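Same order as they appear, the protein sequences are chains A and B.
Counting from 1, position 105 in the first sequence corresponds to residue 114 in my numbering; the numbering is continuous, with no gaps.
Counting from 1, position 107 in the second sequence corresponds to residue 1341 in my numbering; the numbering is continuous, with no gaps.
It should be emphasised that the hints constitute simulated quantities derived from the structure, not laboratory data.
The structure presented is a predicted model; accordingly, all values stated were derived computationally and were not measured.
Virtual Cβ for every residue (Gly too), placed ideally from N, Cα, C.
Each hint should be verified, as a subset may be incorrect.
[Stated by the list, open to error] These stretches of chain A come out as covered by chain B in the derived footprint (C-beta under 8 Å, 3 or more residues):
(1) 20-29
(2) 50-64
(3) 77-89
[Stated by the list, open to error] Here are the simulated lysine-lysine pairs, DSS-like style, with alpha carbons at most 30 Å apart:
(4) A/Lys61 - A/Lys12
(5) B/Lys1243 - A/Lys78
(6) A/Lys12 - A/Lys78
(7) A/Lys12 - B/Lys1291
(8) B/Lys1243 - A/Lys61
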Amino acid sequence: DAKTTQPPSMDCAEGRAANLPCNHSTISGNEYVYWYRQIHSQGPQYIIHGLKNNETNEMASLIITEDRKSSTLILPHATLRDTAVYYCIVRSNAGNMLTFGGGTRLMVKP
Amino acid sequence: DSGVTQTPKHLITATGQRVTLRCSPRSGDLSVYWYQQSLDQGLQFLIQYYNGEERAKGNILERFSAQQFPDLHSELNLSSLELGDSALYFCASSVDVGGMYEQYFGPGTRLTVT
């Protein structure tokens, strides 16, 4: 599976949009981009995933560039409860496990 | 609530002992995954089962073993425990195998080896 690069930490003001970037320049055509988050020591929580097209659900939006070498997770109106470590993971269609990197520690501030 | 349950929530045991961690997947999910999260190693994949059969192995020690039962629940057995085995152990499940199927994680079991 392709490797991902994320900034180690980011801050966001409560109520504003949080835009979390991820670089996956070696991604292959059959690899999906997944986002998970982990709040404190809870189990990782699935947020969203996509292959080529932008995706949106009740939690977030995923914007994938046309060349698929990078993506951005958007939390439209961040709240204090969105403070967590966010993991961007690239996973092949044949992939079984999720390979977690260091993630981005997002701190939402009042 | 992801629908994945894990028991026990906390486990404290001594070095050399053996423990069993239990996972019940979401209703309808056939695949179960085990992950370990320690302070120095981050989240690491251990092993996957699909419909009762072992499907993939990661960095799982020989002292560790797992199985998935006909009712699809899974158990992770850790033996000859060492201090370094202290970690959070997460179970995840997905409806099927393949990159397009998201995995849902349980709340974890915190294992402390003294």
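### Task
Apply the coverage criterion to the region 77-89 of chain A and chain B: a residue qualifies when its Cβ sits closer than 8 Å to a Cβ of the chain, and three qualifying residues are needed.
Three-residue rule not met by the region 77-89 of chain A, so violated; n is 0.
### Query
Between B/Lys1243 and A/Lys61, does the CA-CA distance stay at or below 30 Å?
38 Å, violated
### Query
Taking a Cβ-Cβ distance under 8 Å as contact, does the region 20-29 of chain A have three or more residues in contact with chain B?
violated (count 0)
### Message
Can you confirm whether chain B covers the region 50-64 of chain A, using C-beta to C-beta distances below 8 Å and requiring at least three such residues?
### Response
holds (count 8)
### Message
Does A/Lys78 sit within 30 Å of B/Lys1243, going by the straight-line distance between their CA atoms?
### Response
39 Å, violated
### A/Lys12 paired with B/Lys1291 [C-alpha distance capped at 30 Å]
19 Å, holds
### Query
Between A/Lys12 and A/Lys78, does the CA-CA distance stay at or below 30 Å?
Within the cut-off at roughly 11 Å; holds.
### Query
Keeping to a limit of 30 Å between CA atoms, is the pair of A/Lys61 and A/Lys12 held or broken?
Holds - the C-alpha atoms of A/Lys12 and A/Lys61 are around 17 Å apart, at most 30 Å.
Hints 1, 3, 5 and 8, counting from the list given before, are not met by this structure.
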